[in-house]
Amino acid sequence: MIGLEIHAHLLTASKIFCGCGTSFGAPPNTCVCPVCLGLPGALPVLNHAAVDLAIRAALALGCTVHETSVFARKHYFYPDLAKGYQISQYDCPLATGGALAATRIHRVHLEEDAGKSLHDGFPDSDRKTYVDFNRSGVPLIEIVTEPDLRSASDAAGFFSRLRSMLVWLGVNDGNMEEGSLRCDANVSVRRAGGALGTKAEIKNLNSFRFLQKALEYEIERQIGVLKGGGRVTQETRLWDAASGVTASMRSKEEAHDYRYFPEPDLPPLVVDAARLGSIRAAMPELPEARRARFIAQHALPEYDAGQLVESRALADYYEHVVRAGAPAKAASNWIMGELARVLKDRGADITAPPVSAAALAGLIALVEQGRISGSIAKHVFDTMVASGRTSDDIVQAEDLAQIDDEPRLVALIGDVLAAHPGPVAQYREGKTATFGFLVGQVMRASAGKANPTRVNELLRRALEA
Amino acid sequence: MTTPAPSATIRDLRESVRSGARSAVEICRETLARVRASDPALHAFHTVTADRALARAADLDRDRDRWRDAPLTGVPVAIKDNLCTRGVRTTAASKMLETFVPPYDATAVARLERAGAVMIGKTNCDEFAMGSSTENSAFGPTRNPWALDRTPGGSSGGSAAAVAARLAPLALGSDTGGSIRQPAALCGIVGLKPTYGRVSRYGLLAFASSLDQIGSLTLTVHDAAIALNVIAGADPADATSAPDPVPDYTAALTGDIRGARIGVPSRLLENGPGGPDGIDREVAGAFRTALDAFASRGATLVDVDLPHARHAVAVYYLVATAEASSNLARYDGVRYGFRAPFDRHDDALGSMYARTRAGGFGPEVKRRIMLGTYVLSAGYYEAYYLKAQQVRTLIARDYERAFERVDAVAMPTSPTPAFPIGERVADPLQMYLADVFTVSANLGGLPAVSVPCGFTAGGLPIGLQLVGRRFDEPTVLRLADAYERDTNWWKREPAHV
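In the order they appear, the protein sequences are chains A and B.
This note's numbering puts the first residue of the first sequence at 20, with every later residue one more than the last.
This note's numbering puts the first residue of the second sequence at 147, with every later residue one more than the last.
A couple of the hints might just be wrong.
Claimed, not checked - With a cut-off of at most 25 Å between alpha-carbon atoms, the simulated DSS-like pairs for lysine-lysine come out as follows:
(1) A/Lys93 with A/Lys222
(2) B/Lys533 with A/Lys222
(3) A/Lys222 with A/Lys232
(4) B/Lys241 with B/Lys512
(5) A/Lys93 with B/Lys637
For the record, the hints were derived by calculation from the structure and aren't laboratory data.
Turn these sequences into a full structure, and let the hints steer you where they fit.
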């Protein structure tokens with residue numbers, strides 16, 4: 020049985036309790052003030068932009084957002100924790116009781132992040148630890164699931180799906196390397212149908228791969244302990260990616276007593292129905308709804324629709340292409356085909372498209388109008404990516420327009436028939452399979468520009484004349 | 147002694163500057179001279195900011211037109227050393243912050259400066275405002291100007307002594323369980339604790355956040371009203387500050403209290419746990435005489451019952467210590483303040499914390515951190531913290547009920563007059579119990595003022611307290627001012643002036 024606790028930075032411009040900026044990678048201790056440094060006498064003031072994003076996430080996860088929630092202080096001593104307590108929420112969280120896919124969400128609450136201890140990178144790092152408080156006070160939501168996940172791959176799949184959802188909502192940037200999305204797991208094993216086992220909490224699972232590997236390791240470890248007649252102890256374990264094992268960090272007896280109590284510096288957070296309504300109204304269409312709409316409204320196959328809602332940016336791009344006039348299926352084909360290939364080659368994603376949606380729609384229109392053929396279009400697309408020029412430009416400059424003109428096609432066909440008397444004779448003897456070869460020769464002679472439908476028609480007429 | 151202060155109230159000083167009779171610099175020089183003469187014996191001040199004050203006064207004089215109508219132009223003020231002052235050491239009377247210089251001003255301090263006040267220094271107090279005698283200062287006790295062998299009360303004892311000794315007409319203090327009102331009473335001056343949320347707490351070194359409130363120590367009630375006009379009001383930097391509009395509090399001081407109803411909790415006064423000796427006989431006598439004075443001005447005295455008030459001290463010491471244990475967690479030696487010297491035999495992080503906090507905090511602060519940590523611990527939280535909060539609600543409700551029938555509740559501020567230095571140090575419980583009449587106002591977030599109501603035969607001041615409805619400072623100030631007009635106790639000067 021696996022339950023996850025996910026911490027996600029909220030994409031606000033400023034911190035949760037002060038006006039300092041939140042951008043990652045600023046020089047150490049440059050985004051700080053008396054409040055986030057925990058100077059004497061400084062007081063927190065809630066940033067309501069963080070509340071709005073947290074509510075957006077909670078609503079998207081189907082949670083009940085409570086009219087009143089309460090901030091609480093969670094106490095422990097650590098050098099990167101400026102006040103000696105973290106402002107979080109405890110017995111009255113922002114939201115409870117939702118679900119994502121088949122996994123139930125226990126709660127979603129707001130809290131502040133701590134600073135960051137820098138253990139290496141300095142000339143005297145063998146003797147000293149430095150602390151960077153830029154991250155201190157960055158807003159977070161903690162999302163806690165019920166223990167509904169049954170395997171390591173289930174858990175990794177859920178985490179990945181949750182990440183996509185948070186990014187989709189514009190709540191989080193999904194960046195696990197920079198620590199803006201982090202995951203801890205609670206794991207216990209039991210015999211099928213048996214009572215719940217003792218759980219261990221595993222920390223430091225900051226990629227899908229680590230999550231999966233750590234859980235696989237931990238499940239095997241607990242089964243091994245039980246099979247050997249031992250008992251699993253309730254403890255916190257740390258995943259060590261280098262050695263691929265989890266190791267005990269602290270036992271239940273050593274667990275912190277966080278001494279939670281309501282934060283007296285902040286009044287209870289009240290979210291009224293009007294505010295919930297306006298957040299709900301401003302909520303982007305969720306992936307599932309969008310997928311259904313693509314199927315119903317654009318008549319896309321299920322597979323296409325599922326692929327296109329992989330991210331909000333991709334779905335937006337697709338819709339822009341369609342809105343610029345491209346037929347739905349053609350747009351989908353181009354995006355999942357040529358565009359995806361280029362993105363993959365470049366290691367880029369759709370937030371920086373190599374070709375604008377309007378430009379792609381223009382190219383598709385040329386094909387739809389029969390001005391260029393499908394194979395020419397691929398060449399034009401590559402040229403657009405490489406040069407940034409428009410499809411019209413390229414078609415004109417390279418003289419790529421399709422040849423529909425009957426006299427020109429008849430002349431081309433005449434040349435091909437004259438050059439290949441053998442296949443022509445075979446066709447006329449009834450071996451009609453040589454027709455395809457002859458079409459290919461005509462296309463080749465036209466450098467791919469001949470209108471294939473017209474070529475078929477005229478070639479057949481010429482052979483049967 | 148230097149030249150006696152001819153007129154020491156805010157109102158008179160302000161008027162003399164406005165009329166051009168005296169310059170801000172003259173007033174500042176005289177004030178500093180009195181501080182130099184008197185403070186070695188009193189130790190009201192930790193830090194005297196003489197150069198800064200003179201420069202500021204000179205600025206005000208230079209730019210007279212701009213400052214002509216500001217409410218406090220040229221008025222010297224003293225600031226309790228638990229309020230942040232930009233660029234000026236702010237210690238909270240703790241070794242932990244002996245060298246701490248804040249990069250910002252508390253909102254209340256900034257508002258005084260914007261009103262034209264001249265800060266002359268930072269006053270002594272109990273460490274982190276924890277105490278009732280100013281003996282818990284890491285830098286030595288303050289002495290009472292009426293009797294140098296006695297405490298001025300606390301925790302705002304330095305502020306009270308400074309005003310009583312005419313070293314400044316206005317001092318800011320903080321009041322968590324009586325820390326403005328009790329020293330005001332013991333020093334014979336006026337102490338006002340406004341409604342919780344009336345004055346921004348931004349920049350006040352937190353002791354117990356849900357109880358702390360900044361207020362004034364002044365010679366007269368009128369001066370308290372002037373000061374409140376300046377420091378009250380919403381502050382975007384304090385989420386618990388109240389948005390309620392700020393009236394002109396001096397306008398409430400009409401002298402007319404006919405028809406006002408004053409509640410007297412006689413059952414609490416007779417049977418209350420006012421320490422082993424209960425209420426001092428002379429204090430009780432002065433209080434009764436004061437009630438008669440209110441009655442003869444036309445107020446009606448009404449007996450009120452506050453059935454839960456006898457639990458107030460217990461509730462207070464659970465809530466206040468719990469919050470204190472949390473608020474003082476930030477003093478860990480990592481970012482600022484005292485850090486225990488490196489120990490080559492034991493350089494673990496946990497040991498650095500332990501040695502820093504063992505060495506940086508005094509005994510009373512440590513006692514309260516330990517109590518508060520216990521109160522919030524798993525398994526005890528419900529029995530202590532939660533129960534205390536429930537009783538706190540009952541105490542507040544008692545007052546709400548009383549205020550259905552009366553406009554203010556009157557009590558002695560302190561059950562005893564100023565006590566000798568050292569007398570209660572060894573018995574913290576006795577010290578705690580003496581807070582019986584002051585802590586309820588903090589638990590209920592109510593405004594309360596202490597006004598002088600007489601002297602003992604031995605010449606020690608006695609204070610009367612009036613507690614009002616939330617945000618009804620006008621009523622308590624009007625009542626106190628009317629009483630003051632009849633009695634003028636404030637005009638008597640202490641021996642040490």
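Results of checking the hints against the structure:
Restraint check for A/Lys93 and A/Lys222: satisfied, since their Cα atoms lie roughly 18 Å apart, inside the 25 Å limit. Restraint check for B/Lys533 and A/Lys222: not satisfied, since their Cα atoms lie roughly 36 Å apart, outside the 25 Å limit. At most 25 Å may separate the alpha-carbon atoms for a hinted pair to count; A/Lys222 and A/Lys232 meet this at roughly 13 Å. At roughly 13 Å between alpha-carbon atoms, B/Lys241 and B/Lys512 fall within 25 Å of each other, so this suggested pair holds.
Distance hint between A/Lys93 and B/Lys637 is unfulfilled; the C-alpha atoms sit about 51 Å from each other, more than 25 Å.
Checked against the numbered hints above, the structure breaks hints 2 and 5 and satisfies the rest.
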